[in-house]
Structures are given as C-alpha cells and as structure tokens.
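Hey, can you work out the whole structure from these sequences and the hints?
Each chain, letter by letter, is given below.
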Amino acid sequence: MATLPAISSDEGIRRDLWRPLAGASSRYLIVLCVLSAVALWGLVAWGYQLYRGIGVAGIRRPVFWGFYLVDFVFWIGISHAGTLISAILRLTDAGWRKPVTRAAEAITVFALMIGGLFPIIHLGRAWLFFWLFPYPNSRLLWPNVRSPLMWDVTAISTYLTGSTIYLFLPLIPDVAQLAKRATGWRRRMYRMLSLGWTGSDREWNALESAMKLMAGIILAVAVSVHTVVAWDFSMAVAPMWHSSIFGPYFVVGAIFSGIAALLIVMALIRKTMHLEEYLTPHHFNNLAKLLLLMSLLWLYFTVAENLTAWYGNEPKEMNVFGARIRGNFGPYFWVMVLCNFVVPFVLLGIRKLRNILTATIASITVLIGMWLERFLIVVPTLSYGRLAATWGRYTPTWVEISITVATFASMGVLYLVFAKLFPIIAIWEFETQSEHED
Amino acid sequence: MYLNGEFRFGDARERVLRALQELRERGFAARDVDVFSNEPLEIPRDVLERRSHMSFAAVTGAVLFCVLIIGFVSFTQYSYPLITGGMPLFSFWATGVVFYEITMLGAILTTFCWFLKEAGLLRRGRPPAPDVEPGMICIRVRCRIEQSVAAQKSLEAAGATNIQSSGDAR
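Chains as they are written, first to last, in this note's numbering: chain R, -5 to 432; chain A, 4 to 173.
Derived from the structure by calculation, the hints contain no laboratory data. One or more of the hints may lead you astray.
[Said to hold, decoys possible] Subject to a maximum C-alpha distance of 27 Å in a straight line, what follows is the list of computed DSS-like cross-link-like pairs (lysine-lysine): (1) R:K310 <-> R:K265; (2) R:K174 <-> A:K156; (3) R:K414 <-> R:K346; (4) R:K414 <-> R:K174; (5) R:K206 <-> A:K156; (6) R:K265 <-> R:K206.
[Stated by the list, open to error] Covered stretches of chain A, going by a simulated chain R footprint (3 or more residues, C-beta under 8 Å): (7) 35 to 49; (8) 77 to 84.
Beta carbons are placed, not taken as given, at the ideal position from N, Cα and C, and that holds for glycine.
Here it is in structure tokens:
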C-alpha cells in the first residue's frame, strides 16, 4: 500500500493544499448555511431556556444531570482526537501522522470550545458563570477549589489554552507563506498570525523545540482532563459511579471516540477537498487499526466495570446495573455494545473488509455508541439512587435535543470555516516528509 | 552589513552545509549566520549550534505557577474564618488537581513565550530577512565591511548565487 503521494514537487503540494482556500463553491455555501441554521436554532433554544428558566429542560429531581452533562462528557472526549493522537504520533516520530495532525488538532480546539459551553448552559443562570472565577465577592468568599466543578474549570481552561497553542505553532510557517500570496483582509490576517515569521533556522529550531515540549506537556494535560471529568462522577458515593476504574475508563473512551471523529473528518475532507493523494488508504488503515485496538480496550474496561459490580451484588449497585443491562435502559446498553464493539470488530477486524468506507461507517457507529455510553453513565445512576423513594425518570425536552443537535452543527460550521481559512494539512511538514521519509 | 547568498535546486542543502563550514572556518560566529528556508533544515550542531533553554524555561514556569497557585489557594482558604468542625481549611489532597493543572498551564505559557523569544518573533528592529521562495535556501551573514570579501568567497565557493549585501556598513 503506497504511503507517499505521487506528487512531483513542492509547488504541486502547495497548489493542491492551497486550492481549497480559494473561493467557495455553491455546495460549500449551502452546507454552511444549513449547518449555521441548525446551530442558530440551538442558540434560540438556549435563549428560550435563559428566558423561561432551566425548568424548560427535562432535568428535574432526581435526575439533575441530563443531556447537558452527557454532551459535556462526550465533547470533551472527542477533544482527545487531536492533541492526544497528534502528540503521541509526534513523540514517536511516526512519519504517517503528518497529513493527519492538523485536522486532528483542529477537532480538539473546536470540541473543547463546544464541550466547555455545557457547564455554562447547565448552570441555568448562565450570566453568573463568572462566579466560578477566583475573585473575592461581596461576602469575601472565594470559589471552593475543592469542588470538582472548579477542577473542571482549571483542567478545561489549561487544555484549551494548550491545544490552541499546539494548533497554532505549526500553523505559523504556513500562514507566513500564505501571507505572501493572499490579498486584502486575508493577507492582513495571515500577516498578523505569522508573527513576522521569516523561515530562519533560529525560528525552525525554536519551533521544533516548542512542538516537542508541547507534545509532552499536552499529553499529560489531556490524560488529566478526562480523568478529572471522570472524577466528577467517581468522587460521588453513588451506585456505579464510585469506582477507581473510572479515570482510565474515561480516558480510553475519549481516545476511542476521538479517533472515530478524526476518521470521519478525514474521510469528509478527503472527498470534498479532493485530497485523495494526501490522505491515502494507508492513513485510514493505520487509524482504523488504532480504532480497533481502542474498541478492544473499551470492551475490556466495560466488562471489568460491569462484572465487578455484578459479582459484588451490592443491592444499590444492582438496581442501577439491572436497569442498564435488562431494564428500561437495556436497549441503549446493547445498542452501545453493538456500536462500540460488534460493528468495529467485524468491519475493521476482518482485513478484507477494512477500507475507507468501512472505517468511516465504524467510526459513525462508535460516535453513536460513545454518546450512548455517556448517557448510560450519567442518567441511570441518578434515576436509581440509594433511596427507592427518590427514584425517577428522565425525559429530555425539545430544548435539550435542539441544543445537542446544534452542537454537532456548530462543529461542522467551525470546521468548514477553518478549512476555508487555513490549509488542513501542514504544508511545510508534508514537504519535509515527501523529501526525507516514508 | 549583511551579505545574502541564495542556493537553489538539487543539492542545495549539501552546498549550504559546505558554505556554513567554510564560514565557520573563516572565523564567523554562529550568531552572525542565519539560514532561511521554507522548511526545516537539519544542520549538524558542530556546524551551526543553536542552544535552546526552552525545557529549562518550561520547568521554571511550571514551578513558578505551582508556587503561585499554592499560595493563592491557601490564601483564599484561610481568608474567611469558616467553621469546619476540626476539618482542615486547606487540603493538598482536595486541591491537588487545581495545583497540577495550573502548574501545567505555567509550563505551556512559558514554552510559548520562550518560543517567541528564542525565535525572535515579534521583536522590533530585526534585520531585513531575504524573501525565500519554495525550494530555495538563503544564507545571511552579518559581517564588518572588511570581512565581506571573506564571506563572499565562502558563499561563492559553495555555489551561492545572487550574492547581495544589505544594511549599513560598519
């Protein structure tokens, strides 16, 4: 299977990778408008919730964490697509990563921006979100830094800052090149973003050192972020939450869903931007194998988590366990297993079936499965608490569903705009690869 | 003054390395020589050493932010006389996550700032950089006017073309 694209020159690479930045086709505009309309609808729904109060959402006693928290955990998980994968592949010096990294790093930044909104949406009185910032209020009390909510704020802020810098650093040489060719407002924007990059060896050396360091730091931060998100649950003495396995379980799930998101995005940009020569079957094959590995790991953690609960036979835990496996949440559980294990195992595990299309199909099912997994972690435990008298059901309203759907549309909008402004493949890295590496 | 020499086509990298070795042998310091290209070039350390203190800076930034956040958190916890029934107001276990994240934030921000410093980006009064086209490598030598002949010879010997001087003579 060919690794290198059959591209003859640096000029050819530039032409191919800069081509998507010029103009906008009618198809692009239609898709952008549709996605923007859906995202706008989500804003309307949120506005309605702000106006009428959090009561318009389906979250009420005893289920105070519904779709918003599910979406929060899901999008933070997706954010592990980029930075983590890119950092691991950069540190291990995997040559095939180069056409993949920027697409992945952009997913991280956008997914974090979307995921980071949910705690604010969930607050209800969103205009008071600044109470989370450490400043002395009128009662001279500071935010409680022992609260996992504050842990989330610091973890996500650090991760977003790091991921944005990690995306921005390798973008500098490319925008410096673009600044020479672009005109008008694009030229001004590229020049500003290039920070006066000239291409001197001092700059390249500094960039290389910074990228290596950032890759190491960001790995540590990425793992900690999803562990902290897991601890939001496991620090509570609630049935099926209070588990020491939750940290690594969440990290594995996050990387799993992140790779799936990356595969879908890559398949889309390959097709729509005609980058078949750059995003080759080799890249999809490697990522598909990673996805398969993560699917097996996910299964291992899921079995470990559920088997110990079942064998322990602790009555409070068994209520939640029973509801998940064979009760009213049972169908969701088995669809999750189908999506996260059976489909990827069949489509990606059998070598003859593994190709770009099946990898994309498996990735879509994995995203569905991982969203269901988050739902099954959040809702059943709250529905079946320690006191049977407090049991209750959760039904999402149109507001929550609209906001959830709008986040996917927002991701699409952000990605479409990004892909129109910046090369989706790091040109300078790719040129270096085509000269020196396989 | 600055002397610029361009290298194009084929074995440009090898010729650039020859030129750099020649310049160093003629006594030009590494700080007076810059190589411009559109992609990173692997230049052996003995030819053109660029020392980086970025790791040290990142660790220093991390330690600084860690100390600051510990101080800040302990101040906020003790600033109000809450009655906790004997429980500690300030606990490392419960605040460890915040310390860790802010420590890492310190490392990230310091790395970025140090990158800007080491790369010389955003610095005012930088000497004019040659406009490097794709596939081209350019060497810029900072030299006194009496050294310019030696620098030019080094560049020419390695096959540089379009050798031009710029900046004030000194």
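How the hints compare with the structure:
1. Our distance criterion of 27 Å between C-alpha atoms is broken by K310 (chain R) and K265 (chain R), whose separation comes to about 50 Å.
2. A hinted pair counts as satisfied when its Cα atoms are at most 27 Å apart, and K174 (chain R) with K156 (chain A) does not qualify at roughly 32 Å.
3. A threshold of 27 Å between alpha carbons decides the hint, and for K414 (chain R) with K346 (chain R) the separation of about 36 Å lies outside it, so the pair is violated.
4. A C-alpha spacing of about 17 Å is found between K414 (chain R) and K174 (chain R), which places the hinted pair at or below 27 Å, so the restraint holds.
5. About 37 Å separates the Cα atoms of K206 (chain R) and K156 (chain A), which puts this hinted pair outside 27 Å; it is violated.
6. Under the criterion of a C-alpha separation no larger than 27 Å, the hint pairing K265 (chain R) with K206 (chain R) is inconsistent with the structure, at around 31 Å.
7. For the stretch 35 to 49 of chain A, the assignment as covered by chain R holds, since 9 residues bring a beta-carbon within under 8 Å of that chain's beta-carbons and 3 suffice.
8. With a threshold of 8 Å between beta carbons, the proposed coverage of the stretch 77 to 84 of chain A by chain R holds, since 4 of its residues qualify and at least three are required.
Comparing the model with each earlier hint shows violations of hints 1, 2, 3, 5 and 6; every other hint is respected.
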